[in-house]
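Q: So the chains spell out like this:
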Amino acid sequence: MSAKEPETMTLETFTQGLWKDNPVFVMLLGLCPALAVTNSALNALAMGLATTFVLICSGLLVSLLRNVIPKQVRIASYIIIIATFVTMADYGIKAISLELYKALGAFIQLIVVNCIILGRAEAYASKQKPLKSMINGAGMGLGFTLALLSLGVVREILGSGTVFGMQVMPDRFQTWSVFVLPPGGFFVLACWLMLFTWIRERKSKQEAI
Amino acid sequence: MSADHSSMKLVATLGGIAVFSGLLLSLTYEITKPMIAKNESEALEAAVFEVLPGAVTRENYLLDDVGLQKVGEGSSREANLYAGINEAGERVGFALSGEARGYADVVRVLYGYNPETQQVVGLRVLSSNETPGLGDRIEKDPAFQENFTALDASLAHEITTVKNGEKTEPWQIDGISGATVSSKAIGKALRDSTHEWVPQLHAALEGSLE
Amino acid sequence: MSEHFSIQHFLRGTFHQGIHPPENKHFTAEKPIERLAFPPQLVLPLSQHAGKASVALVRKGQEVVRGEPIARADGFVSVPLHAPASGVVKDICLMPSARGPMVESIVLDVYAGDPQEVLYGTEVDVDAIQSSDLMQAVQDTGLVGLGGAAFPTHVKLSVPEGCVIDTVLINGCECEPFLTTDHRLMIEQAADLVAGTRILMRAVGAKRAIIGTEDNKLDAVEAIQAVLKKDDVVSVKAVQTKYPQGAEKMLAKALVNREIPSGKFPSAVGLGVFNVATATQIGQLLPQKQGVIERVVTVTGPGIERPGNYIVPVGTPIRFILEKLGFQGSARHLIMGGPMMGGTVSSLDTPITKGCGGLLILNEHQLTTEEQMKRYPCINCGACVDACPMMLNPCELGRMAHKAQYEVMAERYHLNDCFECGSCSYVCPAAIPLVQYFRVAKSVNRTKAAAS
Amino acid sequence: MSEAVQLKTSPHLRGMHSVDKIMRHVVYALIPVSLFSVMQFGLSALALIVTSVVVCVGTEHFFCKRSGKESTVSDWSAVITGLLVALILPPGFPLWMAAFAAFVSIAVGKVFFGGLGYNVFNPALVGRAFAQAAFTVPITTWTPGMAHRRFLEFIPTTLTPPFLKPDFEAFRVWVESLKIDGYSGATPLAMMKFDHVEVDTLELFLGTLASSAGESSALLILLGGFYLAFRKMLNWKIPVAVLGSAFILSGIFYLKNPEIYPSPFFTVVSGGLMLGAVFMATDMVSSPVTPIGVWIYGILIGSLTVMIRLFGGLNEGVMYAILLGNAATPLINNLTQPRIYGAIRKRKEKAV
Amino acid sequence: MTAGLLIAALFMALLGVVLGLVLAVASRKLAVEEDPRIDEVEDMLPHANCGACGFPGCRPFAEALVKGDVPPSKCTVSTAEGVASIAAFLGVEAGSAEKVVARLACAGGKNVARFKAAYQGQPSCRAAVAAGGGGKACAWGCLGLADCEVSCTFDAIHMNAQGLPVVDEEKCVACNDCVLACPLDLFSLMPVSQKLFVACKSLAEGDQALSECEVACTACGRCAADAPGLIRIENHLARVDYSKNALATRFPIERCPTGAIVWIEDQKFQKGAAAKKIIRKEPLPILSEPNP
Amino acid sequence: MDPNSPTFIFLNAFLINNFVLAMFLGLCPFLGVSGKIKTAGNMGMAVTFVMLVSSICAFGLNVLLTRFDLEFLKLISYIAVIASAVQLVEMTVKRFSPALFRALGIFLPLITTNCAILGLALFQTAREYTFVQSLAFALGAGAGFTLALLLMAGLREKLDLADVPSVARGAALSLMIAGLLSLAFMGFAGLGG
Ligand SMILES: Cc1cc2nc3c(=O)[nH]c(=O)nc-3n(C[C@H](O)[C@H](O)[C@H](O)COP(=O)(O)O)c2cc1C
Ligand SMILES: Cc1cc2nc3c(=O)[nH]c(=O)nc-3n(C[C@H](O)[C@H](O)[C@H](O)COP(=O)(O)O)c2cc1C
Ligand SMILES: Cc1cc2nc3c(=O)[nH]c(=O)nc-3n(C[C@H](O)[C@H](O)[C@H](O)COP(=O)(O)O)c2cc1C
Ligand SMILES: Cc1cc2nc3c(=O)[nH]c(=O)nc-3n(C[C@H](O)[C@H](O)[C@H](O)CO)c2cc1C
Ligand code: SF4
Ligand code: SF4
Ligand code: SF4
Ligand code: SF4
Ligand code: FES
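Chains as they are written, first to last, in our numbering: chain Z, 1 to 209; chain C, 210 to 419; chain E, 420 to 871; chain G, 872 to 1223; chain D, 1224 to 1515; chain P, 1516 to 1708.
Check each hint, because a few of them may be wrong.
[What the hints assert, rightly or not] Result set (DSSO-like, lysine-lysine): computed pairs, CA atoms no more than 27 Å apart in a straight line:
#1 C:K218 / Z:K71
#2 E:K743 / G:K879
#3 G:K1127 / C:K397
#4 C:K218 / Z:K102
#5 E:K822 / G:K879
#6 E:K822 / D:K1394
#7 D:K1252 / P:K1609
#8 D:K1499 / D:K1418
#9 P:K1551 / E:K867
#10 G:K936 / G:K892
#11 C:K372 / C:K397
#12 Z:K203 / G:K940
#13 E:K444 / E:K743
#14 D:K1504 / D:K1467
#15 G:K1036 / C:K372
#16 Z:K94 / C:K247
#17 E:K861 / P:K1551
Honestly, the hints are just simulated from the structure, not real lab data.
Sequences and hints are given; from them, build the entire structure.
A: Right, here's the structure in full:
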């Protein structure tokens, strides 16, 4: 159906991705990076910011070119545009810190196939004005970062007793290594989701009363 | 006819975008290349200095059938071992790499070898995926690192890993209790690597002495 | 009892799986068949059989004589009805039936003090009847399968196109606990049984017949053997005592090792299967050209004072039988048929029909304890899978029924092959009402299919 | 007396078993094993068992009440889970960690999936697997059995305060003070795997060596198993398939190279295989129901155990083998639906 | 550096052109035709897949719509706007359909109708019917075990305090599920304009019927007497001939002594002044039979 | 076992470092298409096939890129070529075998933009696998994905019939099962070492 272009830009443009349509917790997209790199808060943050960068840049470019690109090669062009920015982020991180680069592994490059980005390009940026797409992209990116951090912080505290590498637990604290192992990623995300469902259920129950 | 025309447009748009991103990327690449190279060489240097106590500068070498050849920075040939030079300008030893399967994945190590004393004088785990809190103690555990200050690598005896607290000989590695598999992997990595390189290295060194 | 655990027992033929509930036949197994008095009123549903209901031939107020036809068959899959007693037709109206709905029934006021002799019927030489006319002769008797299904017997005699029946199996297993009707018949009326069997063989063109019974009824085997000739084409064979050995599919497997294909009749593998009582009735009625007017019913259970095997006119209300035989206790759990497959009746006015071979009265001496009845979720124990004689997977079926996935049950888990024997429910430690689930599922599927 | 006629549905008879009766008898069958573990490891084992059972039952009760349902603890299944969790942990395992493992086993392993009958994995093993991944070091720290002061004092690690690391230094001092000859802190399986030292099979069978709390006496476990199998409360095919396949597979390797591979007898009675085969692989909720499926499941578990023990990084793999078997259960069920009566001929007919 | 740039640009250009060409050619050579409108129409449907339209699901209905075989209004679940937008999209008439709802032909709640036996088993009407009819004295009457309530995916049926299902006409979309679900065939789908309704199916004769249920149709004939042609008595039961629905008035309900015939308005079964006033709320005791 | 042998590479990607359960690759389709065993099987086959295609494409491209010193174009050319190749396959299948398309083809577009496929290409390049090793890697990863998907689908089908508490229903349930599967797969750690 033809897209209407709401001209006005509201706060909603930005906050949409933060909470209501949070890519990880609500839309369950981009789960691979969300689980793979969140065994430490720092990795989570870096991954989130890199994704945000790509979201903003690709949003801008796709939006600028929205009237030029023919329908048939839409997806192909978007992928190329996104891949370009991802490669830039990749080299950027490598130039900033090799250690961080190693920790994130191939997942920076895998941002290309992160469904959030293509989804945004297709559903939003290709229909909206550049500034708006950028702001929405930033919101989405920050929502993603927030989700990653809420996974990363929990996993790092429990699994290593640290946050951003700083010791926060007492010396004799028994670390729970399961949380930095792969199963822990699944468990923590499952717990967050259950928490949200629980809160939602309680709210709707209270409303019913 | 119009179909052909639209096909042309498709190809042109796609091509245009591709060229644009090609340009953007090669720019990025050119800008970040020196930074990355610097990062990499710093990281390598740090590792070499760590496994060769006393070293302050590094020389890159290629050891192959021809013998030991020095390779300069930025040479097209890849170095496969490094020498550490101390403040006095003397060579304190060579840094070599080795690998073996650990508990979860392959463990890669860089170790310092002193040809004079025929000892391993330092070790650093370059990459491993061992269990946090258990296997990953091979990277940080100071008691375990103690093993590699003067480990006999003379090939007269095989380097072996023994149970925690049972080390009696200079060529034995005192394992970490509860992480036998990982400890043994380090032993195997050293054993295999020294078997391969040490005779070659000595032959090449003798050759260069002559 | 101990003979079931002899080596011989295990050498006897049987089918796969199944169960062995306590037999409880001792209440009535030794009791000879007796005649019960006539009740003052009989209720005769026009539909006591599978197929189309009969059409009444009598009017309100009309006098009838015992044995007189009072309703005619309405088409091929239907049978006539005969007056079980002399009396006057009080009404033709809706009356409660065992299955629940009200059904059109003839209500007959029985003449008290009447000698109740059968005045109807003529002697005929059965051997003289052409085998092609046998079917009609059987239909005229109003006979339906007395093994429980009440399917008109003459219909079973018409061999479908392309099938050849080589063997008649006479089903004397009576695998349901408590019931002893067939057992007593085999002992007391063995000659009629064998005579009836021979007529059935002739009617379907079979070369041999096997009377099969469970090995807890070896006295019946002896009784039948006594009336058989040497090298007879009719033989008698004991199979393992196991529930549901009496289901025709299981019996075919046990006696001649043939498997009746899913959704098909025994004729597909060259078999004709008839119940012992059915065969006996043929042996008795055909030579007299009479109709079915009474049947042997085992009245038993802890709730009855004088349990036994009784000849009861068709149409006798349960209330009358209970009054006569002494009802004990207060809880009323009245089962028509056996405890495994029989249904409870909702009213004491429900009449005994042609297909009913047992009346089981349970009072507060429950057969099951509270602990056994407590419902748990299915624990996947697989007991039902190991019990189902059809090799279905009641566990999976039950879980699907719990979520109302009836169509999947039929499509992928062979729901329609379940013949509701109840073995699965019997063994289930979680007390899951599996059979009940399956009945509901089938019924829903049927309704849906009929609607579309 | 004016009671109405009761309408019920057939069958009107019921078999003898009920769920709670079966579960209760499994508990009976586990009692000798538990008593033996207390005899062997003393106070610590007792505390471990009590903690684990109390936490399991408490967790189940708590969640039932929370969701406003009737408490289901009376079906005894939580007691089994609690007992088994305790029996597969090292005897000196800190109680707070054991409590956590027990909590996970019921909360994640059972309640999460809908409670009794719906869990797809064996709850007790979910608890242990979680503990094994979370507390890798404490769960691989073993205590010698039959220590002479075992009824007087706890193993030092047992009473570790919640959330703290156990004090291994104190533990070492304590073990040394026992002055047990040649004790190395390794279980027979570890000795086999890493040093190729095979412990006498008879000793294993009777259970006098270092091990988890309840797995040491193959004899008592078998006795319990026989009892349950005899009462038809346990599917005997599963333990037979597990132990048989493990025996045959390890026998093949043993014949190939007896120097480095353990004998099949050792394989069958060592580690958790016996307990796992008899009490845990047989958990009906998480195992297949089909007649053939049961054999496949057992063989899968037996051979996975041997493969992990011989070629994996772990010296014991029963737990993982059973969990993988549980995971494969729906597939196995799906692929091994029994041929129903009267079905094959249909196919033949079609072919004709 | 420029060389690097050039090579990169060249490579990418080549890549872009080659891929573009391959895809362009392929899309022409390999394309498969399917009417794209089907997807769009399917998107506009409510995705209830309820079958009320007479098709197995929304997609087959969409196919039929695109072919023009059926009018969009056949979908009873769609809102008026939904139907209109599909009609607009396909350029056809929306068609018109009167609202149809499910109605229950039984008014015998627990307070007025007796049970003669106590059913103990699965709480499901169908299961109860299989167990000797379910135990209700009136063999035609609602058992109140809520199979219909469970079957209604639109939350339009709720059991009332007397154990009778009540249809919420706003929510009912006439999907036919409850009609199929009730083992006693008590539901039928009727246009809302048919307001006169016999809420009883009992074929039992007068006194018998009354002894089973206080609001049963006794076939007394009073309603029929005043509305000849519209209502007739058949098999001990009053029947409304809806082909003469235009003649229907509230009058017959004023004549009915039991209240078996009702006038449905505002979602209520309205009874006449002559109908017995039953204020009892508690269930009648189970009919007990004397001990033999 | 030699860590560089194709057999080991296969085993590693299949069980030890299972693509989904240990490496977190391809989670979106893993959670999305694991509802029914039959679909899962088809999906697994489709993924394995695409992995082979992508592995071969990536191997060829890598040779080309190294030759011209264009490693920085690796990502962009991989994704473009793989996506096009898959689209080509999809169109071919749709045209010539509608039956196969219905079974496998519908998954193809879903798979194209997926971590597991691109991850495979990137990892094989980073680990400098030879052609044979790459094929073994692709097959192992595909088989591992299929296995995980089948197990998951079986469990989810079973749980469809369970009374799962409302908070746990939906994605949380799938994730928890995935976590437990991942826990169980830890048993394969060190296999063949
Ligand atoms: C979840 C888990 C992770 C493990 N990780 C390692 C590891 O990374 N390195 C290691 O050597 N052993 C590891 N192990 C333990 C080994 O399987 C084995 O028990 C141990 O190496 C035996 O050593 P010990 O004889 O010194 O106790 C792990 C065990 C488990 C259960
Ligand atoms: C579970 C089950 C058990 C049965 N048990 C018996 C039985 O014990 N005796 C019997 O004669 N028929 C039994 N039948 C009925 C037989 O399958 C078969 O219909 C009957 O023997 C045919 O004879 P008829 O038509 O003369 O009744 C049983 C049926 C089923 C489904
Ligand atoms: C059913 C069952 C499963 C077990 N699974 C494991 C396991 O997977 N890994 C493990 O190290 N110990 C497991 N154990 C405990 C072991 O049998 C044994 O005590 C332990 O493996 C030896 O410790 P080690 O790993 O330090 O040698 C299990 C015990 C039981 C009863
Ligand atoms: C033979 C048998 C074995 C059992 N084994 C276990 C077990 O290994 N772990 C467990 O948590 N519960 C076990 N149970 C108890 C029960 O089945 C278990 O708590 C359910 O899995 C919970 O749904 C067992 C029960 C029986 C009858
Ligand atoms: S009732 Fe049906 S499913 Fe149950 S055992 Fe009998 S045939 Fe099998
Ligand atoms: S017997 Fe009952 S508990 Fe056991 S599997 Fe069958 S339905 Fe489930
Ligand atoms: S089930 Fe009945 S009440 Fe519910 S929407 Fe369908 S027709 Fe209406
Ligand atoms: S209307 Fe029918 S389905 Fe609904 S409660 Fe009454 S009997 Fe049951
Ligand atoms: S993020 Fe990996 S498949 Fe979606």
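Q: Decide, hint by hint, whether the structure agrees.
A: Hints and how they fare:
1. Only pairs whose Cα atoms come within 27 Å are accepted, and K218 (chain C) paired with K71 (chain Z) is accepted, the gap being roughly 11 Å.
2. Only pairs whose Cα atoms come within 27 Å are accepted, and K743 (chain E) paired with K879 (chain G) is accepted, the gap being roughly 25 Å.
3. Distance hint between K1127 (chain G) and K397 (chain C) is fulfilled; the C-alpha atoms sit about 25 Å from each other, no more than 27 Å.
4. Between the alpha carbons of K218 (chain C) and K102 (chain Z) the distance comes to roughly 41 Å, so the proposed pair goes past 27 Å and is violated.
5. For a cut-off of 27 Å, the pair hint linking K822 (chain E) to K879 (chain G) stands: about 22 Å separates their Cα positions.
6. Simply put, K822 (chain E) and K1394 (chain D) have alpha-carbon atoms about 24 Å apart, close enough for the 27 Å limit, and the pair holds.
7. Of the supplied pair hints, the one linking K1252 (chain D) and K1609 (chain P) holds, its CA atoms being roughly 12 Å apart against a limit of 27 Å.
8. Our distance criterion of 27 Å between C-alpha atoms is met by K1499 (chain D) and K1418 (chain D), whose separation comes to about 20 Å.
9. With a CA separation close to 25 Å, the supplied pair K1551 (chain P) and K867 (chain E) stays within the 27 Å bound.
10. With a C-alpha separation of about 23 Å, the suggested pair K936 (chain G) and K892 (chain G) falls inside the 27 Å cut-off, and the hint holds.
11. With a C-alpha separation of about 14 Å, the suggested pair K372 (chain C) and K397 (chain C) falls inside the 27 Å cut-off, and the hint holds.
12. For the hint pairing K203 (chain Z) with K940 (chain G), the CA-to-CA distance comes to about 21 Å; that is within 27 Å, so the pair holds.
13. With a CA separation close to 21 Å, the supplied pair K444 (chain E) and K743 (chain E) stays within the 27 Å bound.
14. Taken as a hint, the K1504 (chain D) and K1467 (chain D) pair is broken in the structure, with Cα atoms around 36 Å apart against an allowance of 27 Å.
15. The hinted pair formed by K1036 (chain G) and K372 (chain C) meets the criterion: a straight-line CA distance of about 23 Å does not exceed 27 Å.
16. Of the supplied pair hints, the one linking K94 (chain Z) and K247 (chain C) holds, its CA atoms being roughly 11 Å apart against a limit of 27 Å.
17. The straight-line distance between the Cα atoms of K861 (chain E) and K1551 (chain P) is roughly 24 Å, inside the 27 Å bound, and the hint therefore holds.
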